[in-house]
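I would like the entire structure built from these sequences, with the hints used as guidance.
Residue 626 is where the sequence shown starts when you use this note's numbering, and the numbers rise one by one after that.
Treat the hints with care, as some may be off.
Claimed, not checked - Here are the simulated DSS-like cross-link-like pairs (lysine-lysine), alpha carbons at most 25 Å apart as the crow flies:
1. Lys812 / Lys794
2. Lys812 / Lys780
3. Lys834 / Lys797
4. Lys755 / Lys947
5. Lys780 / Lys794
6. Lys947 / Lys713
7. Lys780 / Lys797
8. Lys755 / Lys794
9. Lys780 / Lys713
10. Lys834 / Lys755
11. Lys812 / Lys797
12. Lys946 / Lys711
13. Lys946 / Lys713
14. Lys755 / Lys812
15. Lys812 / Lys834
16. Lys755 / Lys713
Hints listed in this document are in silico derivations from the structure and should not be mistaken for laboratory results.
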Amino acid sequence: MSWTQLAVIPVLSVLLLVHELGHFIVARLAGIRVEEFGFGLPPRIWGVRRGDIIYSLNLIPLGAFVRMTGENGEADPPQEGSFSSKGKLARAAVLFAGPAMNFIAAALLFAGAYMMGWPTPTSMEIYIYKITAGSPAEAAGLQAGDRIVAMDGRKIETSDQFIQATRAKLGKPIVLTLERNGSEVEKTMVPRTQWAEGDGPLGIGLQGKVIQMTPVSYAAPQALWMGFGRAGQMVAFTVSVPVLIIQGVLPADLARPVGPVGIYQVTTQAADYVADSGWWFPLISITATISAGLAIANMLPFPALDGGRLLLVAVEAIRRKKIAPEREGALHFVGLMVLLTLMLIISYYDLISPLPNIDWGPR
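Shown next as C-alpha cells:
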C-alpha cells in the first residue's frame, strides 16, 4: 500500500482534531471543566496530565475527542464547572465552535490553494449554442455552432474576456470574427443596453471548451478573502442542493452524499496526482472541501451531531426547562445508530458505484 492510499488518515485526523480543538478552546474560555483532550480514538497508548486535563494519544488514528464533565447531562444540582451547569449561550457556543473551526480551516486551506496557484482557464474555444429571438445576434445572422474567434480584431481567449469586452461596448457597434464550417466570417452588431433577465447584451448562450488550464497565484490578502468566499459559497450551495434538485437544475445523482469510502477515493485520487505532478493543489483543495463538508454535516439538526445538540438547547430555551439527561442520552444514542447505519449504506453505494475521476487541470 502506497502513501497516497494512506493520505485519507492524516487528512481526516487533522480535520477532526481541528473540530475538537474548537470545542476545547471555547469550553475552557467558558470555564467548563475538561477532563481529557485526545488525539485519535481509544484505547489510549499515551497520556500526560497538565493541571486537571489529560492530553492523550490514542490507538485509532482517525478522529479526536474532548471529554467534558457533564456533557451528556447529569442529575440536579449539576457539578460546578460542568457543561450542564453553564447557561444556554455558553453551551451553544461550545457546540457551535467545532463546525466553526472546520469552516475556518476550509477557508484557510482554500486561501493556501489560491496562493499556491488555482487552476484557471487561460485559453478556450468559445461556441455559441443558442440565439435569442429578436436579439442583436439574430439580426446580425449569428448561428448556433459558430465559434467566436475575435472581437474588433482582438483574439478572444476566454468566455470571461468576451463577456467583459461586450459589456464595455454597450450601445456601440462591434465586429465579431466567427469560425463557421471551417471558414471565418465577420458580423457587425450593437450590444443592447437593456435585456431580459437570463439573457445578455447580444442574446447568445456561450459554451466553452478549455484548451489550456494554468495555475494562477494570488497575493496573501486577496487569497485569504477569496478563501473565505469559496468556503461560504460551498456552504450556500450545499444548503441549496435540495431546492436545486426539486427545481430540476441539479440532477439527483450528482448530489449524492459521500461517506468514508468516497472520501478515501477522492483523497487517494488527489494524492496520486500530487505524487505524479509534485503540485499540492489537489490535496489541499480536497482537504478544504472535506473540512467545509464536516462543518455543514455537523450543523444538521440531528441527534448526536452538534446541530442536534444545539436544537435541544433551543428547545430548552423555549420550554424554559432542561430535558431529562436520560432522555437526551437515549435520543443521542438512537441518532448515533441511525447515522452509523446511513454511513454504512452510503459507503456500500460508494463501493459499488465509485466516484468518477476528478480532472485537476494542469500537470
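So, going through the hints one by one against the coordinates:
1. Lys812 / Lys794: holds, 15 Å
2. Lys812 / Lys780: holds, 15 Å
3. Lys834 / Lys797: violated, 28 Å
4. Lys755 / Lys947: Cα-Cα ~60 Å, so violated.
5. Lys780 / Lys794: holds, 16 Å
6. Lys947 / Lys713: With Cα atoms ~10 Å apart, Lys947 and Lys713 stay inside 25 Å; holds.
7. Lys780 / Lys797: Distance ~19 Å between Lys780 and Lys797 Cα, so the pair holds.
8. Lys755 / Lys794: At roughly 21 Å apart (the allowed maximum being 25 Å), Lys794 and Lys755 satisfy the hint.
9. Lys780 / Lys713: Since the Cα atoms of Lys780 and Lys713 sit roughly 61 Å apart, the hinted pair is violated (cutoff 25 Å).
10. Lys834 / Lys755: holds, 16 Å
11. Lys812 / Lys797: holds, 14 Å
12. Lys946 / Lys711: holds, 14 Å
13. Lys946 / Lys713: holds, 11 Å
14. Lys755 / Lys812: With Cα atoms ~16 Å apart, Lys755 and Lys812 stay inside 25 Å; holds.
15. Lys812 / Lys834: holds, 22 Å
16. Lys755 / Lys713: Roughly 56 Å between the alpha carbons, so the hint for Lys755 and Lys713 is violated.
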